[in-house]
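S.K.: In case you want the letters, here they are:
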Amino acid sequence: MPSKHKVATTEELSDGSRVIAEIEGQEIAVFQIDGDYHAISNYCVHQAGPLCEGKLTGDMYIDDNGWDWNYDDDEKHITCPWHGWLFDVTNGENIHNSKYRVPTYGVEVEDGDIFVIR
Amino acid sequence: MGQSSETADGSPLRQLDELDVIVDTDAHIRETVEDLIPYIDDRYEGAKWIVERTEHPERDIYSLTHSLPPSLHAERGGWSADTNTVDKKLQELDEFNIDYGIVDPGLNLVLPTVNNERIAVAMMNAYNSWLLDNFLDEGNHRLKANLLVSHHKPDKSAEEIDRLANEKDVVGVALPSTGVIPPVGHERYDPIYQAASDHDLPVFFHGASTNTSHVFPLQRMYNQTYTEDHVIIHPFSQMWNLSSLIFQGAPERFPDLDFVFQESGVGWIPYLMWRMDDHYLEMNYELPLLQQMPSDYIHDQIYFTTQPLGHTEDNPKHLAMAIEMAGPDNIMYSSDLPHSDFDPPSELFNRIRSHFDRETVENIMGKTAMDLVDL
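If you're matching them up, the sequences are chains A and B in order.
With our numbering applied, the first sequence corresponds to residues 1 to 118, in that order.
With our numbering applied, the second sequence corresponds to residues 119 to 493, in that order.
Just so you know, these hints were derived from the structure itself, not from any lab.
Possibly wrong hints are sitting among the right ones.
[Said to hold, decoys possible] Cut-off 30 Å, straight-line C-alpha distance, at most; resulting in silico cross-link-like pairs (BS3-like, lysine-lysine): (1) B/274 <-> B/286; (2) B/286 <-> B/206; (3) A/4 <-> A/55; (4) A/55 <-> B/206; (5) B/435 <-> A/99; (6) A/99 <-> A/4.
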């Protein structure tokens, strides 16, 4: 049966910031991005690095014209500080290969408190 | 070498902490030019005068360039890490439960790109003096180190080896090997090898894609990304150097000297070994220097460090099989910390622990290195 674990208040978590909490022996990070909250394991499936201690970044992509490089500065990708693997914090998927996936968790907000459901 | 998941006492190795010792055979530090200037010897005062007035020494003394900036993504970046103290280096070893580190330079991997020979010799000398003063004289014997030598002036490098070879915790000689022209088998380097052999110090060759311009200028001109450059330059360098070393007879001239090739992983070794053996058997008339098969010289005198292992997760057995083909007795774990393509010990251990017997795994993770450098 999943239970709720308070990790922060909404005042504490500004846009683009994060909190890393230990919940039942596992480190889980909660990010606030554009007013939404995303919970993801602080564990890189590559070599077990502390994934959520890295930078949030956007994404480089090729333009429809096939030539220009564009940078999407929607910073929702967490960069593992060990080797730079990138995961989308909204779904836990590696941005280059969806077979690599980090666990994500539900988040609830009640009366200004942020809870992770696990 | 044994190939078995069971050990002599019937218990397979399962956990890293069952190992007696882990040795990192490529433990980088990050020295700055500012660190080294006070250590430039008085006899090189002209070189010092120039270096200390140089606003951008990494590009105007050294020629450190990339195709694009490396590691924009990484916080553990080789060029931005502050691993220039003993405490910082030991913290890195501790983070990954590594017992000993064989220290190699950071910036001075780029030494072959220094155009001015007098300054190259002065910086070599300064690095070694700084290294001893700051890393080896601190009384913590977990850090061992290679003396830096310059390919520019082999006679001066031999003097440098003679100067410091007997210092405590000096275990080898580092010849940065990308940009060494002609490549390392040429007899002009014999003074370095003679001095290393006299002092029973193995010679370590470490490549660097920072040096591409000075050895593969066409590749540097046309590689549009750091990735294209970095992927090929390390193995290009080491393939050329290993081939040069063997076919120009260096192991034959220095039969008591060991050589170590660093930072190209292991996948290229069996390929090149097969290819060299094949040519030796076919091209006898141009290879009278050799008295045995190239692979025999490799088994007798050549070692390899493991990082970067590459992405071997799709079939973990393949890495162990590559090591088996290369010759596991000559393979040694390396991390490359603090650089952003480092391999933690688990990355190697988890691939090999069930493929080889316990002794072979222990040797690869540390004991072969301990034997090689008399730890």
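S.K.: Please go over all the hints and tell whether each is borne out by the structure.
M.R.: Here is what the structure says about each hint:
1. B/274 <-> B/286: At roughly 21 Å apart (the allowed maximum being 30 Å), residue 286 of chain B and residue 274 of chain B satisfy the hint.
2. B/286 <-> B/206: Holds - the C-alpha atoms of residue 206 of chain B and residue 286 of chain B are around 21 Å apart, at most 30 Å.
3. A/4 <-> A/55: holds (27 Å)
4. A/55 <-> B/206: OK: residue 55 of chain A and residue 206 of chain B at ~22 Å, within 30 Å.
5. B/435 <-> A/99: Holds - the C-alpha atoms of residue 99 of chain A and residue 435 of chain B are around 19 Å apart, at most 30 Å.
6. A/99 <-> A/4: The given pair, whose Cα atoms are some 28 Å apart, holds under the 30 Å limit.
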